[in-house]
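As they're listed, the protein sequences go chains A and B.
Here my numbering is used: the first residue of the first sequence is 1, the next is one more, and so on.
Here my numbering is used: the first residue of the second sequence is 118, the next is one more, and so on.
In case anyone wonders, no lab produced these hints; they're calculated from the structure.
Think of the CB as a built atom: it goes at the ideal place given N, C-alpha and C, for glycine as much as any other residue.
It is possible that part of the hints are untrue.
[Unchecked claim] Result set (DSBU-like, lysine-lysine): computed pairs, CA atoms no more than 35 Å apart in a straight line:
| no. | chain 1 | residue 1 | chain 2 | residue 2 |
| --- | --- | --- | --- | --- |
| 1 | B | 190 | A | 11 |
| 2 | A | 57 | B | 227 |
| 3 | B | 227 | A | 11 |
| 4 | B | 224 | A | 11 |
[Claimed, not checked] Far from chain A by the CB rule (all over 12 Å, computed), these chain B residues:
| no. | residue |
| --- | --- |
| 5 | 170 |
| 6 | 185 |
| 7 | 188 |
| 8 | 189 |
| 9 | 191 |
| 10 | 229 |
[What the hints assert, rightly or not] If you only want the chain A side, here are some residues facing chain B, beta carbon under 8 Å, derived:
| no. | residue |
| --- | --- |
| 11 | 17 |
| 12 | 31 |
| 13 | 33 |
| 14 | 70 |
| 15 | 83 |
| 16 | 85 |
| 17 | 98 |
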Amino acid sequence: GAGVSQSPRYKVAKRGQDVALRCDPISGHVSLFWYQQALGQGPEFLTYFQNEAQLDKSGLPSDRFFAERPEGSVSTLKIQRTQQEDSAVYLCASSLPRMRGYNSPLHFGNGTRLTVT
Amino acid sequence: AQTVTQSQPEMSVQEAETVTLSCTYDTSESDYYLFWYKQPPSRQMILVIRQEAYKQQNATENRFSVNFQKAAKSFSLKISDSQLGDAAMYFCACPAQGGSEKLVFGKGTKLTVNP
């Protein structure tokens with residue numbers, strides 16, 4: 001079946017512009033995650049949804065970052081007034097919910113590489 | 118803060134030989150899964166293998182196996198008969214504290230496979 005789909009694959013923004021990154025999770029996956037991956041680093045957690053509810057947004061670096069998943073499927077990560085330090089790959093992942101207390105594997109998209117000039 | 122440590126930023130291996138990538142983690146959870154992910158240049162993170170912490174037996178998936186030492190909180194990945202297609206970044210991950218759905222990742226190890 002179809003995997004996690006992210007768009008655009010590349011985005012170049014001038015400093016101060018707003019950007020919106022889209023994620024289509026695997027059908028039936030109730031959990032959706034956004035991660036930020038700086039060059040040469042591991043993914044860093046940004047936020048997490050279960051269906052349409054945003055249950056954890058502790059990783060969002062500032063109030064310029066906003067994520068939504070209004071119908072419990074597609075999610076959008078929005079970054080307002082982009083800064084150079086926002087340049088990174090933004091990864092979306094989806095999964096089935098925890099079962100018997102165990103984390104389900106995350107299924108990742110190809111990511112969006114954001115470059116802020 | 119919870120940490121996942123991969124102490125080898127880069128590793129190289131000859132084709133057909135064996136290589137081991139190390140990972141240590143810190144968690145207060147009693148039962149959990151641990152994961153190894155592979156990230157080729159295409160950027161997509163691919164699950165390689167997972168280990169259930171309560172199981173004594175080390176997980177294996179074809180040429181990939183783990184050496185899990187729960188008391189030491191060590192979770193290394195062994196790749197046997199290395200192939201050119203194994204070249205990638207490898208990340209280990211463990212669940213965040215408190216029964217969270219989210220995973221915490223290490224900084225990764227870049228694996229080069231030499232022909």
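A quick look at each hint next to the structure:
Taking the CA atoms of residue 190 of chain B and residue 11 of chain A, the gap is about 39 Å. The hint is violated against a cut of 35 Å. Simply put, residue 57 of chain A and residue 227 of chain B have alpha-carbon atoms about 30 Å apart, close enough for the 35 Å limit, and the pair holds. Using a Cα cut-off of 35 Å, the hinted pair residue 227 of chain B and residue 11 of chain A holds, with the two alpha carbons roughly 25 Å apart. With a CA separation close to 24 Å, the supplied pair residue 224 of chain B and residue 11 of chain A stays within the 35 Å bound.
The beta carbon of residue 170 of chain B is not kept farther than 12 Å from every beta carbon of chain A, the shortest such distance being approximately 9 Å. Interface exclusion of residue 185 of chain B from chain A stands, the closest Cβ pair being 15 Å apart, more than 12 Å. Look at residue 188 of chain B: its CB is around 20 Å from the nearest CB on chain A, clear of 12 Å, so calling it non-interface holds up. Residue-level check passed: residue 189 of chain B sits 21 Å from the nearest beta carbon of chain A, beyond 12 Å.
No Cβ of chain A approaches the Cβ of residue 191 of chain B within 12 Å, the least distance being about 18 Å, so the stated non-interface status holds. The Cβ of residue 229 of chain B sits about 15 Å from the closest Cβ of chain A, beyond the 12 Å cut-off, so the non-interface label holds. Here the hint on residue 17 of chain A is broken, as its CB sits about 23 Å from the closest CB of chain B, past 8 Å. The closest approach between the C-beta of residue 31 of chain A and any C-beta of chain B is roughly 6 Å, which is under the 8 Å cut-off, so the hint is satisfied.
For residue 33 of chain A, the suggested interface contact is upheld, since its CB lies about 6 Å from the closest CB of chain B, less than 8 Å. This hint is violated: residue 70 of chain A has a C-beta 20 Å from the nearest C-beta of chain B, more than the 8 Å allowed. Annotation: interface hint on residue 83 of chain A violated; nearest CB of chain B at approximately 22 Å, more than 8 Å. Proximity of residue 85 of chain A to chain B is violated relative to the hint, the smallest CB-CB distance being about 18 Å (cut-off 8 Å).
At its closest, the beta carbon of residue 98 of chain A sits 6 Å from a beta carbon of chain B; the interface hint therefore holds under the 8 Å criterion.
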